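Those protein sequences? They're chains A and B, same order as listed. Read in order, the letters of the first sequence are residues 9 to 241 in my numbering. Read in order, the letters of the second sequence are residues 107 to 764 in my numbering.
Some clues are possibly wrong.
Unchecked claim - Computed Cβ-Cβ distance ranges for the label pairs, DEER-style:
#1 A:Thr-103 - B:Tyr-581: 37 to 47 Å
#2 B:Gln-520 - A:Val-76: 58 to 68 Å
#3 B:Tyr-581 - A:Glu-238: 41 to 51 Å
To be verified - Below, computed lysine-lysine pairings styled on DSSO-like, alpha-carbon distance capped at 27 Å:
#4 B:Lys-593 - A:Lys-216
#5 A:Lys-98 - B:Lys-590
#6 A:Lys-228 - B:Lys-604
#7 A:Lys-236 - A:Lys-98
#8 B:Lys-651 - A:Lys-193
#9 A:Lys-236 - B:Lys-614
#10 B:Lys-516 - B:Lys-531
#11 B:Lys-594 - A:Lys-216
#12 B:Lys-594 - B:Lys-577
It is worth saying that the hints were derived from the structure and are not from the lab. A quick note: this is a predicted structure, and the numbers were derived from the prediction, not measured. Glycine residues also receive a C-beta, built at the ideal position from the N, C-alpha and C atoms.
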Amino acid sequence: MHDLYNILICDDEKDIVNALKIYLNDSNYKLYTAYNGLQAVELVRNEDIHLVLMDIMMPEMDGIEAMVKIREISNVPVILLTAKSEDSDKILGLTVGADDYITKPFNPIEVSARVKSQLRRYMLLGSGIMQDGVLKCGAIELDDRQKKVTVDGEEISLTPTEYDILKLLMQNQGQVFSPKQIYVKIWNDQPYGSENTVAVHIRHLREKVEINPAEPRYLKVVWGQGYKMEKGR
Amino acid sequence: MEEKETLYEEAVDAGSSVNKKPKSTLGGSAFVKFLVFILLIVTVVTGSASFVASFYAADKDMYTTSYHDLLCRELGEDADMIMDVVSSFLNRGEYDSAVAYLRTINAEVAILAEEDKYVPNDSRFLWQSYDKTAPTGFYSTIYIDRVALWVHDPAMPMSGYKLARVFFDPEFVQNDSTREHIYYFRLLYEYRYVSLAVLAVSIVLFLFSFIFLLRSAGHRNGRAGIVPSLVTGLPFDVVTCGLIVGWIACIAVIDELDHMLYGVAEMALIIAALLGFGILSMLYLMDLAIRIKLGKWWRNTLIYKFCKWLSDRTKAIIGSAAEMAKNLPDLLIVIGLLAIVALVELFCIMAIESGMEFMYAFWMVVKLVELLEVMYLVRLWSRLKKGAKELASGNENYRIDTNGMYLDIKAHAQHLNSIGAGITKAVEARMKSERMKTELITNVSHDIKTPLTSIINYADLINQEPTDNPKITEYAEVLERQSKRMKKLLEDLLEASKATTGTLEIEKVPCEVDVLLVQAVGEYQQRMEEKGLDLHVNGLTESVKVLGDGRRLWRIFDNLLNNIYKYAQENSRVYLNLEKKDGQVFITFRNMSKYMLETSAEELAERFARGDKSRHEEGNGLGLSIAKNLTELQNGTFDIVLDGDLFKVVVSFPVLNE
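Please model the entire structure based on the sequences and the hints provided.
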């Protein structure tokens with residue numbers, strides 16, 4: 009592991025900054041704080057920041073404008089924190105270059121998990137050399153020779169069926185499979201009304217590979233059609 | 107002529123708009139007009155004179171026959187007159203008197219021995235008036251054969267009918283009536299073509315001056331526009347009548363004079379009268395031209411004024427009658443109309459009874475009028491009906507076309523339209539207030555979220571602090587639970603307000619409902635099992651597609667399954683059913699409620715319906731409301747059925763046919 013990660017927390021609400029500081033109190037992290045967009049951009053310019061956690065609605069300079077300025081000078085991962093939960097706000101945030109998006113009120117565990125995930129991808133996996141037989145989708149890696157699956161570098165345990173489903177989806181990233189199709193491919197049989205078995209397995213699989221199974225980043229539910237693995241970024 | 111006129115009018119227009127003072131024109135000059143008027147009179151005189159001359163010449167075949175033949179024909183009358191005189195002398199035996207008479211005129215007479223032969227100096231001449239020694243041929247130039255009268259003188263060999271021959275002196279040396287007659291005849295003959303030419307020129311000049319006068323009428327140099335004449339102020343029909351009466355009087359007088367001999371005085375009078383009325387007529391025509399140029403010439407007529415007065419009166423009477431009818435009760439109006447129709451029909455029957463068969467036709471016309479009116483009323487009525495129906499079915503933007511409607515029907519249509527307008531206005535105001543409410547809720551929610559984040563986080567932090575006091579742990583847990591509930595409430599509130607006002611964006615794509623149901627069940631299977639709930643899914647045999655937004659459809663199923671998860675009796679069965687019927691797909695959720703259901707199905711679907719009646723720890727009552735609104739936004743129906751402890755929700759969508 010890297011010895012020390014520099015994390016910038018930026019929010020105009022001091023109590024939230026403090027709470028985040030407590031949650032991210034880790035020997036591996038060195039925390040910087042800012043209370044508006046201008047300060048955040050200055051810190052990114054002057055310090056070697058590895059990750060930015062930033063609110064959108066702030067005085068002086070809002071998160072979106074700061075985001076644009078940061079992208080002009082750095083490739084650092086940025087997680088946006090905001091009270092706005094509409095789809096259009098999320099899309100705007102991601103369009104201007106944010107790597108992730110967390111809505112307020114947030115779950116502290118989710119925040120630390122996402123921070124960890126972004127740091128791993130940025131610091132460790134960004135330049136990882138792809139080995140033979142290794143399927144990769146974002147933070148998820150599936151090593152078919154060792155039958156091993158890691159998320160953000162941490163190994164997770166899957167049942168054989170879950171492993172097969174994940175492998176099928178990772179081999180065909182971006183492609184939507186209906187529960188029936190998955191059933192036929194994995195069980196080599198017609199489902200005859202037991203497609204919900206597939207749905208149950210997918211739910212379990214999501215609980216294992218996703219930080220928030222209700223808002224999956226990789227294993228997406230296409231409602232009314234099927235399931236797919238988001239094409240790796 | 108046309109082109110000239112346009113130029114003329116342009117000149118007038120340009121003058122009045124640019125220079126203020128109109129340009130002088132020939133037509134505007136009173137002197138020129140006077141000269142042209144004189145020319146007109148002259149052309150009328152010369153024209154009529156030359157017309158008479160030409161007509162007479164043509165009547166005498168002057169344009170087709172040689173002068174000699176004409177002369178012979180012309181002298182016939184003179185010959186008859188002469189023969190009358192000569193034969194009376196001869197019958198009395200006064201031969202010398204006859205010769206003496208013939209010496210004083212330009213003619214000589216010979217009576218032939220044989221009826222049809224003439225030989226000059228023939229001894230067989232029975233009688234001749236002229237000297238035989240005179241040079242022959244002199245009298246042979248012109249002669250007219252006439253039958254001489256019966257001569258009774260037994261001494262003469264010429265008793266009985268004999269042919270007489272009248273010879274005329276071509277020089278007409280003697281001063282007699284024949285000479286005068288032939289003088290004028292010759293004059294007419296010589297000028298026969300001149301008279302034609304004069305006629306043609308007169309017609310051309312007449313037309314020119316006539317048109318010029320009509321065109322220039324009303325134009326006056328120094329005055330813009332059309333200047334009325336002295337008589338323009340008088341009613342046109344009065345002026346016309348005056349002129350016509352004048353003409354009739356004039357013609358009557360001439361007709362009267364006709365019975366007397368035309369003397370010079372009479373002739374002068376007739377010519378003066380004709381000329382005078384001709385001038386008056388021309389002035390009348392010019393005045394008519396001015397009236398037409400001024401426009402609406404018919405307004406200044408007694409007839410028009412009378413008609414207008416009559417129509418104004420009639421309108422006033424009808425108007426006051428309508429006003430009176432308006433104040434009468436509808437029933438009386440209907441009875442009155444029926445009475446009128448009945449009277450008309452009674453009149454028809456009586457007329458037919460008394461032998462007036464043609465009244466059948468009148469009766470039929472009356473019926474036809476009635477039929478047309480009833481048809482028209484039915485049409486108006488159906489328009490009213492349609493408008494009311496549209497309003498009733500919620501189309502508040504529909505307006506009844508009041509064109510062609512009248513009286514009460516029109517008022518009724520207008521009332522219906524104002525109801526529609528009122529509803530439209532109310533709906534708009536409602537929509538606006540709903541949107542504002544949504545905005546307010548959204549903004550307030552965002553503002554609440556920030557402090558709520560701190561509350562949730564610090565409650566969690568207190569919870570994590572090691573403490574010996576169990577009460578602190580307990581209180582912190584309450585804080586955490588309640589703050590999380592508040593978070594859920596806020597999120598639901600946002601979604602519910604958006605779903606009700608329709609501000610939610612919905613992207614409709616073909617979705618497989620059976621797949622969605624499988625996915626939803628998959629999401630809930632484990633949690634349901636934890637509560638001992640047995641999920642039974644039926645009807646997944648065929649693929650059913652609907653048009654909808656997958657995520658919103660999932661939200662509906664999510665809310666319903668969450669509801670079941672929270673409120674279903676533990677260790678009971680939950681039935682999910684999918685059924686396709688009549689182009690609709692019905693998804694039924696059935697479970698046994700854990701609590702007694704005290705509210706009605708309608709109240710359950712309303713926002714915050716739970717109120718105080720059945721408040722429980724979990725949930726906030728918005729789930730069903732959101733699900734219902736989302737269903738309706740995607741053209742679906744959402745029904746809740748309560749039967750004892752049985753809780754049933756039926757969601758249906760139109761099936762997408764491919």
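Status of each hint after checking the structure:
no., hint, in the structure
1, A:Thr-103 - B:Tyr-581: 37 to 47 Å, "holds, 44 Å"
2, B:Gln-520 - A:Val-76: 58 to 68 Å, "holds, 59 Å"
3, B:Tyr-581 - A:Glu-238: 41 to 51 Å, "holds, 42 Å"
4, B:Lys-593 - A:Lys-216, "holds, 25 Å"
5, A:Lys-98 - B:Lys-590, "holds, 22 Å"
6, A:Lys-228 - B:Lys-604, "holds, 25 Å"
7, A:Lys-236 - A:Lys-98, "holds, 21 Å"
8, B:Lys-651 - A:Lys-193, "holds, 23 Å"
9, A:Lys-236 - B:Lys-614, "holds, 20 Å"
10, B:Lys-516 - B:Lys-531, "holds, 22 Å"
11, B:Lys-594 - A:Lys-216, "holds, 24 Å"
12, B:Lys-594 - B:Lys-577, "holds, 26 Å"
Hint check: no violations occur; every hint is consistent with the structure.
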